[in-house]
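**Q** Single-letter residue listing:
2 protein chains.
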Amino acid sequence: MTAKRDDTQPQSSPPIQEREVAKWDEEVDVLVLGMGATGACAAIEAAEAGVSVRVLERGWRGGGASAESTAQLYMGGGTPLQKGCGFEDDPDEMYKYLVASCGPGADEAKIRIYSDGSVDHYHWITGHGIHFEPGFQPYEVSTHPGPGQGLSYTGSERAHPYCKIAKPAPRGHTVLKDGQMSGEYMMQVLMRSAAEAGAAIQPDTDAERLVVDAAGEVIGVVARTRGEKQTLRARRGVVITTGGFAHNEEMLRRYAPALHGTTYPIGPAIGDDGSGIRMGMGAGGAAIRMDSGCVTLGFAYGHRDNLRGIMVNAQGQRYINEDVYQTNHGEAALYQQAGEVYLIVDDAIYARPDREAEESSVAWEVNIAAVAQTPEELEAELGMPPRSLSHTIRTYNEFAARGEDPYFHKESLWLQPLQTPPLAAIDLRVGQTAYALFTLGGLHTLPGGEVMDVEGNVIPGLYAAGRTASGIPAQGYNSGLSLGDCTFTGRMAGASAATRNP
Amino acid sequence: MTAKRDDTQPQSSPPIQEREVAKWDEEVDVLVLGMGATGACAAIEAAEAGVSVRVLERGWRGGGASAESTAQLYMGGGTPLQKGCGFEDDPDEMYKYLVASCGPGADEAKIRIYSDGSVDHYHWITGHGIHFEPGFQPYEVSTHPGPGQGLSYTGSERAHPYCKIAKPAPRGHTVLKDGQMSGEYMMQVLMRSAAEAGAAIQPDTDAERLVVDAAGEVIGVVARTRGEKQTLRARRGVVITTGGFAHNEEMLRRYAPALHGTTYPIGPAIGDDGSGIRMGMGAGGAAIRMDSGCVTLGFAYGHRDNLRGIMVNAQGQRYINEDVYQTNHGEAALYQQAGEVYLIVDDAIYARPDREAEESSVAWEVNIAAVAQTPEELEAELGMPPRSLSHTIRTYNEFAARGEDPYFHKESLWLQPLQTPPLAAIDLRVGQTAYALFTLGGLHTLPGGEVMDVEGNVIPGLYAAGRTASGIPAQGYNSGLSLGDCTFTGRMAGASAATRNP
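Going line by line, the protein sequences match chains A and B. So that you can map any letter, position 43 of the first sequence is 43 in the numbering used here, and since no number is skipped, the others follow by simple counting. Positions in the second sequence are counted from 1; adding 502 to them yields the numbering used here.
For the record, the hints were derived by calculation from the structure and aren't laboratory data. Just so you know, not all the hints are guaranteed correct.
Pair by pair, the computed Cβ-Cβ distance ranges are [as the list claims (entries may be wrong)]:
1) GLU751(B) x ALA269(A): 35 to 41 Å
2) GLY431(A) x GLN921(B): 37 to 43 Å
3) GLU751(B) x GLU376(A): 47 to 53 Å
4) GLY629(B) x ALA269(A): 50 to 56 Å
5) GLU108(A) x PRO636(B): 53 to 59 Å
6) ALA903(B) x ASP92(A): 52 to 58 Å
7) TYR766(B) x LEU413(A): 40 to 46 Å
8) GLU108(A) x GLU520(B): 38 to 44 Å
9) GLU751(B) x LYS83(A): 37 to 43 Å
10) ARG896(B) x ARG402(A): 21 to 27 Å
Non-contacting residues of chain B with respect to chain A, defined by C-beta distances greater than 10 Å in every case (computed) [claimed, not checked]:
11) ASP618
12) THR628
13) PRO640
14) TYR641
15) VAL643
16) GLU686
17) ASN869
No experiment lies behind these values; they were computed from the predicted model shown. All residues carry an ideal CB built from backbone N, CA and C; glycine is no exception.
Pulled out of the complex, with its shape left as it was, chain A reads as follows (with noise of 0.2 Å):
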């Protein structure tokens, strides 16, 4: 019983006491670690208050997970491009929406700030340099927007029963790039926009330590800069945006056993470790949340007929309407039915894979388990039991056919009998297909982005955002809501560090 070190990962997190810091190299005020769209967020609204801020770039130029993205903000409320597209929205909607799709759980107060403050984030957002192009991609088409498309449903809006919760409105608002979604060009405006506010950054820099001083107050950061030590003084405040940690295999299997292997985690391979929450743990932060994460399972994304399918699990039963967004069918099919589920449809809407569409999502196989020419076939040649999918698809078609589905509401649009043989069921069973991930629990912030202890106390001088905070998708995901949350949230905590009187 001897005690031992388990040194199976990275060590960043204990922060350094300030009596160990024989010299400042250099000093600011609002130190900034990570330039994802998060961190340039906070740069750019430090630097418009007026203070100096560097931010340190563990890459040679800043991105993260946010340049490798689709480019999608959730915004609603009742922006300029949801007006221009006819669409009505209010921020009462917009908050009934998310606090029912981001539980349980959800933090009621941020989403209030964040449904209420949608439109003059749109507005700052495209004040800064982001355009949004004035067409709207129709939900009966694809949720993936096309050229001139800068609007498009991202979420389960539509579906049963965030229909009757909040009143429907697309709210995924996307930058593309000579047609096509691109996080890339988003971050390229952003970084230049924090440049000319006249935010510093400073590439090739892994933040370390943090330093605290005596008192428990953030007062800086060690960083390793091309191979040389740094310290780096923060007179006004920390801002972790550093991203979750969907890369780090050691963290998902301690924090979030249900997300580890059964997964391929989304960003590059060089950001997502945890190191920042693990920083902000050390300097006694608390993570919360730990376990969730955003699953996306995409089968209709490049396909839309896919949705007149039925998605059924390994009793051949239905579980779900399939119309729900492809973060809610990840959440479902791996937390709720083992990841044992299948996609059955008929010849009249099965269609190859568009290659083309899934490289630009994320890469899921189409993996045929079984063909057969009827549904007892189906059933036998999956192994089920028998009267399960059978039964399952003809009570469905029958149904469907008036236009029902009294199991499980899927919108009347997406109701078709699989009648045309041959039937198909499409493996998507964990393994089998992509459950592209990435995390969604870190520090414990208030909304404007202090970092709080375990008591609930805010830690001075130190704040997150983003992806390293448990933000507006606490628990349950929609397409936009990460990066809507990293600007809006990176905004909040940069306002706040500018302004804090030491």
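Fit chain B to the known structure of chain A by using the hints.
**A** Relative to the frame of chain A, chain B by itself:
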């Protein structure tokens, strides 16, 4: 965006620095915080190692949740009680079962040591005054031991799929007093044993803060005893055994929102407020798997024939083999079916609840949601869609008549068609019956009880065990696993602290 405190939670976690301690009121080798089963076993082991031990207990005499428990310890691998009752068991079978049932992400190192050490642990427990009566409660009759029956099944060992993974054996070892399960009696024996070993027990004392030295080593505790502040130096270590956080609403909301508000907590209200977990976190300890809980839906506890009924969800679908243990039922119903489940029985198996049996268990209400003469009528009464529940019942009956359950593989013992009218749906939805809860997440420890920080480094001088740590039942639960883990890991931590040379 001004920083403000989130002041909804009691304060206890930030440690005090050694320099802030003017003088030590007392000095011992090992301080144990909390006198439940974990604390008692830690104290015994440490005292028997020959060092001075003091236990600080919040209540007036100790006992904790253990004293309110059903006194079941999950042990196996071939204990004398198992052998005496004619059962073969093996540490490897126990290990395989526990890895399968305590996942995903079960701590295999801990389960290995626990399984390999279980027979020794049995001897240690019985060597410290605990007696197990030499009979077996037949599985077909109950999992609730009666007079003379120290052994019973308290898990899903015989149920699919576990019976295929590991050879089943009953491993629930229950402490009886006057024929009744008695956590109260078990704690009297363990507390007396601790006193006899030389451990001092100081009641009416709240441990409020850990004391750390400049290097971060835990060196003592600041406590409050009958209103007076007291500083206690621990030369070798502090062992935190204060239980989980089932009674802390704010912690449930932050860390385990799925458990918040849907369940009722087990254990005494004065304990299990997470104070020890928070103290450990404040000293740099990592808390892991904080979303996990034991959730019990004990619908067959007092009336075993209920296993002959079928569990269905809101769509009238079966979703589980009914013969899994009550904790697996709680987990499946709450996490996978949103707490929307019913037990369907017919008149042949229905029985008015046995109030006596219930009272010794968790109180669950028997609310009848619907009664009807036919499956179709019952389905309509419950507002379920056509051909949902009726199809489920008719298909189940058809196979049950042949002794088969091709859907979920319930053991044939429990298969019997539901065909004696009337049929009834017992309402087991959240809010309509008790989902009894305690928490399983806690401090990240090595098998020896050493608390690790966020990076996996051991925090010198700090130990945790029982429900203050994340232990054997990391994600899934069987009865007896908590007390089994508490007594075993309490011993490990007590021994580790006693033998540490600072």
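**Q** Are the hints correct? Go through all of them and say.
**A** Hints and how they fare:
1. GLU751(B) x ALA269(A): 35 to 41 Å: holds, 40 Å
2. GLY431(A) x GLN921(B): 37 to 43 Å: holds, 41 Å
3. GLU751(B) x GLU376(A): 47 to 53 Å: holds, 51 Å
4. GLY629(B) x ALA269(A): 50 to 56 Å: For GLY629(B) and ALA269(A) the Cβ distance comes to about 53 Å; the hint holds.
5. GLU108(A) x PRO636(B): 53 to 59 Å: Given range 53 to 59 Å: holds, Cβ gap about 56 Å.
6. ALA903(B) x ASP92(A): 52 to 58 Å: holds, 55 Å
7. TYR766(B) x LEU413(A): 40 to 46 Å: holds, 43 Å
8. GLU108(A) x GLU520(B): 38 to 44 Å: Holds, at about 41 Å.
9. GLU751(B) x LYS83(A): 37 to 43 Å: Once the Cβ atoms are compared, 42 Å apart, the range 37 to 43 Å for LYS83(A) and GLU751(B) holds.
10. ARG896(B) x ARG402(A): 21 to 27 Å: holds, 23 Å
11. ASP618: holds, 14 Å
12. THR628: holds, 22 Å
13. PRO640: Per Cβ check, PRO640(B) is outside 10 Å of chain A; nearest 30 Å; holds.
14. TYR641: holds, 26 Å
15. VAL643: Holds, because the least Cβ-Cβ distance between VAL643(B) and chain A comes to about 30 Å, which exceeds 10 Å.
16. GLU686: holds, 31 Å
17. ASN869: Consistent with the label, ASN869(B) stays out of reach of chain A, its closest Cβ about 23 Å off (over 10 Å).
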